[in-house]
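Q: Sequences listed follow chains A, B and C, in order.
According to my numbering, the first sequence is numbered sequentially starting from 1.
According to my numbering, the second sequence is numbered sequentially starting from 1.
According to my numbering, the third sequence is numbered sequentially starting from 1.
To be clear, the hints were calculated from the coordinates, so they are not data collected in a lab.
Keep in mind that a hint or two might mislead.
Listed next, with one range per pair, are the computed distances between beta-carbon atoms [as the list claims (entries may be wrong)]:
(1) Y70(A) <-> Q73(B): 38 to 48 Å
(2) Y70(A) <-> L64(B): 20 to 30 Å
(3) R135(A) <-> G63(B): 46 to 56 Å
(4) M152(A) <-> L64(B): 56 to 66 Å
(5) I363(C) <-> M114(B): 37 to 47 Å
(6) A58(B) <-> Q7(A): 15 to 25 Å
Glycine included, C-beta positions come from ideal geometry on N, C-alpha and C.
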Amino acid sequence: MSTIETQMLEVSLGPQHPSTHGVFRMDVVLDGEYVVKLKPVMGYLHRNHEQIGEKMTWLGSMPYTDRLDYFCSMTNNWAYALSVEKMAGIKVPERAEYIRVIMAELTRLLNHACAVGFLLSDCGAWFTPVLYALRERERILDFFETVSGARMMCNYMRFGGVRVDLDEQSLAMARAIVARWPAFLDEFEKLMTENEVLLARTQRVGILPRELAINASVSGPVARASGVAYDIRKVDKYGVYDRFDFRVPVGETGDTFDRFMIRILEMRESVKILHQALRDIPSGPCIAPESKLRGFKVPAGDGYGRIESPKGELGFYLVSEGGAKPYRYHVRPPSFVNLTILEDMCLGHKVADAIIILGSIDIVLGEVDR
Amino acid sequence: MDVCGVSNFNVFPCVNDPYLTQYLFVAVFVLVAVLFPLVPLALVRVLAPRKPSPTKNATYECGLVSKGDSWIQFRAGYYLYALVYVIFAVETIFLYPWAVAFGGLSFGAFVAMMVFVLLLVEGLVYAWAKGALDWK
Amino acid sequence: MDAIYKLIQHYAPKIPDLLALALAVLLPIAIVMGVFLTVFALLTWVERKALGRIQNRRGPNRVGPVGLFQPVADGLKLLTKEDIVPAAADKVVHFLAPVLTVVPAFMVLAVVPVAKGFVPVDLNIGVLFALAVSTGSVLALFMAGWASRNKFSLLGAMRSVAQVVSYEVPMVMAAVVILMAAGTLSSVGIVEAQRGLAGWFVFKPWGLVAFVIFQLCAMAEVARTPFDLPEAESEIVAGYHTEYSGFKFALFQMGEYVAAITMGGITVTMFLGGYLGPGSDLPKIGWLVSAGWFFAKLGIIVVINIWARGTWPRVRVDQLLGFAWKLLLPLALVNIVAMAIWHFASNKLVGWGASAVVLAVAIVALVKINTGQTFEKRSYRFIS
Chain A
1 MSTIETQMLE VSLGPQHPST HGVFRMDVVL DGEYVVKLKP VMGYLHRNHE
51 QIGEKMTWLG SMPYTDRLDY FCSMTNNWAY ALSVEKMAGI KVPERAEYIR
101 VIMAELTRLL NHACAVGFLL SDCGAWFTPV LYALRERERI LDFFETVSGA
151 RMMCNYMRFG GVRVDLDEQS LAMARAIVAR WPAFLDEFEK LMTENEVLLA
201 RTQRVGILPR ELAINASVSG PVARASGVAY DIRKVDKYGV YDRFDFRVPV
251 GETGDTFDRF MIRILEMRES VKILHQALRD IPSGPCIAPE SKLRGFKVPA
301 GDGYGRIESP KGELGFYLVS EGGAKPYRYH VRPPSFVNLT ILEDMCLGHK
351 VADAIIILGS IDIVLGEVDR
Chain B
1 MDVCGVSNFN VFPCVNDPYL TQYLFVAVFV LVAVLFPLVP LALVRVLAPR
51 KPSPTKNATY ECGLVSKGDS WIQFRAGYYL YALVYVIFAV ETIFLYPWAV
101 AFGGLSFGAF VAMMVFVLLL VEGLVYAWAK GALDWK
Chain C
1 MDAIYKLIQH YAPKIPDLLA LALAVLLPIA IVMGVFLTVF ALLTWVERKA
51 LGRIQNRRGP NRVGPVGLFQ PVADGLKLLT KEDIVPAAAD KVVHFLAPVL
101 TVVPAFMVLA VVPVAKGFVP VDLNIGVLFA LAVSTGSVLA LFMAGWASRN
151 KFSLLGAMRS VAQVVSYEVP MVMAAVVILM AAGTLSSVGI VEAQRGLAGW
201 FVFKPWGLVA FVIFQLCAMA EVARTPFDLP EAESEIVAGY HTEYSGFKFA
251 LFQMGEYVAA ITMGGITVTM FLGGYLGPGS DLPKIGWLVS AGWFFAKLGI
301 IVVINIWARG TWPRVRVDQL LGFAWKLLLP LALVNIVAMA IWHFASNKLV
351 GWGASAVVLA VAIVALVKIN TGQTFEKRSY RFIS
């Protein structure tokens, strides 16, 4: 059947494209509808984040971390705070640890809901699932706003704790969100996981083998969908995660459908954590008394702090010379690392599949390009 | 307007054939349908601004300069579908008059037609078994 | 049109014959196009409102009461927008494509009986005409895609050809049973054949199956979600009309919407009893009641279209074609046999039951063959 001579079509999807999740570009070579070559091109949103981090004071970088993965400012804050606390040896009060867990898990809920929604949008579901997800995200953003004063760029955490304590009213608000979430998930799942078109589109599409996932140091839901049982909340037990009873879902096939389902299952586990955290939250100070805002210095040395952000392993590698600024400030963004295996997943599939595979990795360009 | 079949009243005095009358009407309809989009397009020439520039008139490719031509020997991947389509389109020509006359036909006539359809179904099954109905 | 000619001659005998003639020809065209353009404008509003409702938002609500004048505002805006033609494009074909996309959509209107005693022209091959003409739009889409000289347009054009070619076949085959039952190709004749209690063809087992096949194919033919691959926004930007702006873009939208409405009109005519309904035969106001019935039924079809758009993801191109060739087409062929069983059965009840059983078996078997290997039940491990 290959007697007819045909030519390849070189298309660049992005940077101005409806579903590349920002200014991301894929240079694709197409044979008919099939992808025979794919090159991810990044850097359109490069903002010199790491250099700025080295010019700012330690605390001055905190608001900048919000802009890394602009969906999940809370977890970005935490990862940075964790690294600095590790180097400076600051002990975080228990209440602050609980508040951080609450914020991080709420962030996970909103991120996964939107990621799944956008994935459906990439499948062509005309924004309906996204808007359902955004409706719920709105409640969480309202909560963030009440607590921190900002909806997305929260700048909430400080070295040694959090900026503002949660009062009873905002705790009740969080409880209401968490109580509502399973109902939303049930509805979401009923509408989507039994949809034949979605199953046909996602199953056996974009399979990421377990070995490749490990070799490419993929992390987060993408790795877990491929059968890598690796969750830093379990491995490092940072913060107070060892006190909660929760499970980590792990898939087998590692296709787009698994990545979709893992996120749904993780949301259910996050709800469990939130229930426990909101029940057990102790009283006490929300920030370590020895933590200084002005003239804060970190003893010379280096440190790497990492957390399980909704997208994977988010780490900060910092080097201090003992001064008011870091000597080296490096971010290990999960989206960026997860994006490197895009070509391996897309080859041999169709253009339409390449789009949803990209959607299933769940990238945020602010973090990829920094 | 006559509801059942062709009217015997002739609206175009110069044409005697009642069928032709109807198709003349259709011809007028085509004319109107073609003119309809042309009027606003003419209006656009008057109303809309015209400021062409090389950048604006470049081919859109997500904000980059388009590389290579798009008038290529594209691998369509579905020419086998097109072949099967032609077969069934021709079959339709035979099937429709038969279907219209079906009410007055005998069982034998039905069987005869089914044999004809079955021959084509056989072709469809063959194409299916050969994998011609899978997108390649 | 004869009726109008007679009316003119009756009430105004002084008018010259040629003028009366012109009026008799142009008036029905003007009426149908006027009515359907209003419906089109309303539909864009209804669609946006309904999608808004599905998606937890309000939809248009600023222009006029409840945003009712939004279509007017859109039209005016698009009229005054610059018309950008890419320098690399084939200018003539690029210009002709949007014009040609509107023509087939309107041509179908010529044979749709919108009310009792009102059909612009009652061709004796009405349904064949409608099916044949509506396919013409694919030519316009391909012209647009090819002439734009844009890679996304090319992909969209190629997809649209594959799609229309594939869905034409089951669509035509689904219509065969209607012709067998009605014994005519005339659209008015088909409506009249559906008189009587539960006489609509959709209430027969073969009619129901044909209706579903036809409706799906109609959605595919006018490229509505979940079959909107030629303009798949998330994949190929806007498909064949990527390079169109201003009113040419509006013409594509209009062509698509009017085609959706007119195909709905054909569906209503063939399966839902057209303008028939209680009161459609009343002496004086029968035409009004019957028009009401027609548009009410059309509304149902339109709502089904919008609902599908608001809720379903898009299928992939190979799945799209497989669906047409491996499921709809065999089912449509079995449907012809089922219709014959219904027709030749000695007893109506036996015929009903037998054809229903045949169809049920066929549907189950075909679904089994097609989905056997596709869907997997997944289970997930949990590490704690």
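Q: Please go over all the hints and tell whether each is borne out by the structure.
A: These are the hints, each one checked on the structure:
1. Y70(A) <-> Q73(B): 38 to 48 Å: holds, 44 Å
2. Y70(A) <-> L64(B): 20 to 30 Å: For L64(B) against Y70(A), whose Cβ atoms are near 25 Å apart, the range 20 to 30 Å holds.
3. R135(A) <-> G63(B): 46 to 56 Å: violated, 32 Å
4. M152(A) <-> L64(B): 56 to 66 Å: violated, 30 Å
5. I363(C) <-> M114(B): 37 to 47 Å: violated, 20 Å
6. A58(B) <-> Q7(A): 15 to 25 Å: Holds: the Cβ-Cβ distance is about 22 Å, inside 15 to 25 Å.
Violated hints for the displayed structure, listed by number in ascending order: 3, 4, 5.
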